[in-house]
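Novice: The residues making up each chain are set out below.
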Amino acid sequence: MPLLDIRNLSIEFDSPHGRIKAVDRVNLSINPGEIRGLVGESGSGKSLVAKAIMGILNDRWYVSADRLRYNGVDLLSLSAKERRKLMGREIAMVFQEPSSSLDPNDTVGHQLHESLPMDECDVSFFKRRKWREERIKAFLHKVGIRDHKRVMKSYPHELSEGICQKVMIAMTIAYKPRLLIADEPTTVIEAGAQDQIFKLFKKLNQLNEVSILLITHDLEHVESWTKTITVMYCGQTVESGYTKQIFKQPYHPYTMALLQSMPHFNAQLSRKSQLTALSGSVPSLQHLPIGCRLGPRCPRAQKLCVEIPKMEKVRGHYFSCHFPLTEQEGKKS
Amino acid sequence: MNTLLEVNNLTKSYRIGYRWLIPQYQRALGPVSFKLEEQQTLSVVGNAGSGKTTLARILVGAEQRTSGQILLEGEQLEVRNRQQRCSLIRMIFQDANTSLNPRMRIGNLLEEPLKFATDMPSKDREKEVYNKLRQVGLLPEHAHFYPHMISGGQKQRIAVARALMLDPHIIVADEALSVLDMSVRSQVINLLLKLQNEMGLSYIFVSHNINVVRHVSDQVMVLDQGKVIEFGDAEQVFNHPENDYTRKLLYNLGH
Ligand SMILES: Nc1ncnc2c1ncn2[C@@H]1O[C@H](COP(=O)(O)OP(=O)(O)O)[C@@H](O)[C@H]1O
Ligand SMILES: Nc1ncnc2c1ncn2[C@@H]1O[C@H](COP(=O)(O)OP(=O)(O)O)[C@@H](O)[C@H]1O
Ligand code: SF4
Ligand SMILES: [Mg+2]
Ligand SMILES: [Mg+2]
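From first to last, the protein sequence lines are chains A and B.
Counting in our numbering, the first sequence runs from 1 upward without gaps.
Counting in our numbering, the second sequence runs from 1 upward without gaps.
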């Protein structure tokens, strides 16, 4: 049984132009112990999906789904209180904007002390402070913070976004959740230090069997860290399957376009030659195309594409497109 | 070939505090020496804190150097005035979202460098703005828009257009591509390659994306703690790295 099982999740809101489907029947599942990548360009609805799982969208949003289950429990039928309790115990999320999830009026050290779980503490009352300090220091080192003394004395605004994000990650892993949702966890972390965070996630996954939903706008980030991937475009799921399979044999034109935007994907590409790039840009929510939302930018689009394509399955690999790439076309050139 | 930029023994030290009232310095960069020819791309790679941003900022004049010599088209930098430097070497900033003033129309944003560095009459300035918008694949109409009215990819094109504004010969980009969405990134890379091909521009790229670096560069410089530990023809460095640090860096960044 999957740990997280989502079928046809839609997220809508009312605008002056009528109700808009920001997320349109998205499917997503995560098995216990799996790391799944959720990939899509900005504005594709990744954060909305994550917030819908956590149940933290405000009442301006209408969330509906044929199935939204965590560990067999239907999340939409739980009361707000029951849901919060379950989340607090089992699911943790690292947000895209770290500064918004730390309290600006409190030192980082104090916030870490407050939030450190004590259930593993086996020392007498008088030694607890020391024990906590050691634990916090260890967690901060794990995420790559060396000068823990300075960081703990600081208020969030005195630290860079990257350091704040590392602190958030340290707080989250201290909880040993069963499911970790990491929403673009490394975008504010300086380039050279991003790998350390991914390595840490991988270790967490292997040692503690934490399942992870790794959200990112860059396919390259997920290639080596995930087992499975779901690709979104403009609020719709376009393709999902094993990472290896998707990199070897994509069926959806959008996935193919993402792969081709990585210069090393095509071995024959000569240096400094033009890359294959989709023309145009992601449409705004006010001007969504009907049917397949890739339509206006898709090199394979035909008349039929004004109808929404159904999800199809080939050997555990899902895609929704009327004119998918053939095995020959999809092969890595 | 025409040498656009020559850097000799460039160093930068930051004051990190005092000890017994004596200021203490830390070498952040250098000594660095290299030459950049016309229509060539030099990429700078290295771990966080290795001095890449410091180098980029010194080259565009956003930071003072501690010692060393910078020759722009054969002339010492000090001799040239600020206006000339601005028009020869320009920077694309990392985040177009924050570097574009939200209260200014795109036309005015692009016009600013012309106002600052030339005495062009306003009619010509307008023409020049339209020109540059077309060059980066946008429309003259975009001049009347505010930054929030266009997409992220278009904003990055505006950032490129602004860097092009004074017809520079060299453009410096410090991690300006890594923040972009994938389809936008390949659009911008294509644009930069096309401009290089047509106008003979030279680029200095700071990037951690090895695959992109490999695609666009002629030369690669590897920095470690401010020091150049490997420098040479891109293919040579990638295929036969001489240094362990380079090998590890390439492995880590490229997987
Ligand atoms: N509070 C909001 N009000 C109106 N539109 C929103 C809001 N939050 C997100 N959106 C819109 O919903 C779409 C999906 O957003 P998001 O889930 O944040 O995308 P992603 O995380 O993939 O970049 C975007 O087009 C965004 O503009
Ligand atoms: N304004 C500054 N004051 C003091 N030290 C600085 C300053 N800017 C950068 N440094 C130091 O210079 C070194 C190189 O930094 P930087 O050029 O930003 O590296 P990179 O861009 O390769 O990550 C680092 O050790 C950094 O701490
Ligand atoms: S359904 Fe049509 S428009 Fe959509 S991806 Fe497939 S071919 Fe392109
Ligand atoms: Mg998001
Ligand atoms: Mg830098």
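The reader is advised that the hints may include incorrect statements.
[Claimed, not checked] Taking lysine-lysine and the DSBU-like style, the derived pairs with C-alpha atoms no more than 30 angstroms apart in a straight line are:
hint : chain 1 : residue 1 : chain 2 : residue 2
1    : B       : K123      : A       : K272
2    : A       : K331      : B       : K227
3    : B       : K35       : A       : K248
4    : A       : K153      : A       : K199
5    : A       : K21       : B       : K194
6    : A       : K227      : B       : K35
7    : A       : K331      : A       : K51
8    : B       : K115      : A       : K272
9    : A       : K199      : B       : K194
10   : A       : K137      : B       : K248
[As the list claims (entries may be wrong)] Computed from the model, here is a short list of chain A residues facing chain B with C-beta under 10 angstroms:
hint : residue
11   : Q194
12   : D218
13   : P299
14   : Q302
15   : R315
16   : G316
Simulated from the structure, these hints should not be mistaken for lab results.
Backbone N, C-alpha and C define an ideal beta-carbon position, used for all residues, glycine too.
Novice: Is it true that the CA of K35 (chain B) sits at most 30 angstroms from the CA of K248 (chain A)?
Specialist: violated, 41 angstroms
Novice: For the pair supplied as a hint, K123 (chain B) and K272 (chain A), is the alpha-carbon distance within the 30 angstroms limit?
Specialist: Distance of about 36 angstroms is beyond 30 angstroms: violated.
Novice: Does Q194 (chain A) pass the interface check with chain B, least Cβ-Cβ distance below 10 angstroms?
Specialist: holds, 8 angstroms
Novice: For K199 (chain A) and K194 (chain B), compute the direct alpha-carbon distance and say whether it is at most 30 angstroms.
Specialist: Since the Cα atoms of K199 (chain A) and K194 (chain B) sit roughly 37 angstroms apart, the hinted pair is violated (cutoff 30 angstroms).
Novice: Can we keep the R315 (chain A) interface hint, with Cβ of chain B closer than 10 angstroms?
Specialist: violated, 26 angstroms
Novice: Assess, step by step, whether the Cα of K137 (chain A) is no farther than 30 angstroms from the Cα of K248 (chain B), and give holds or violated.
Specialist: Holds, because 28 angstroms separates the two Cα atoms, which is no more than 30 angstroms.
Novice: Would you check the hint for K331 (chain A) and K227 (chain B), treating anything up to 30 angstroms between C-alpha atoms as holding?
Specialist: violated, 42 angstroms
Novice: Does G316 (chain A) pass the interface hint, meaning its C-beta sits closer than 10 angstroms to a C-beta of chain B?
Specialist: Since chain B brings no Cβ nearer than about 24 angstroms to G316 (chain A), farther than 10 angstroms, the hint is violated.
Novice: Let me know if the C-beta of P299 (chain A) comes in closer than 10 angstroms to any C-beta of chain B, holds or violated.
Specialist: Status violated, d = 12 angstroms.
Novice: If you take the shortest Cβ to Cβ gap from Q302 (chain A) to chain B, is it below 10 angstroms?
Specialist: violated, 21 angstroms
Novice: Would you mind confirming whether the straight-line C-alpha gap from K115 (chain B) to K272 (chain A) stays at or under 30 angstroms?
Specialist: Between K115 (chain B) and K272 (chain A) the Cα gap is close to 34 angstroms, so the pair fails against 30 angstroms, i.e. violated.
Novice: If you take the shortest Cβ to Cβ gap from D218 (chain A) to chain B, is it below 10 angstroms?
Specialist: This hint holds: D218 (chain A) lies near chain B, its Cβ roughly 6 angstroms from the closest one there, short of 10 angstroms.
Consistency with the previously given hints fails for numbers 1, 2, 3, 5, 6, 7, 8, 9, 13, 14, 15, 16, ordered from lowest to highest.
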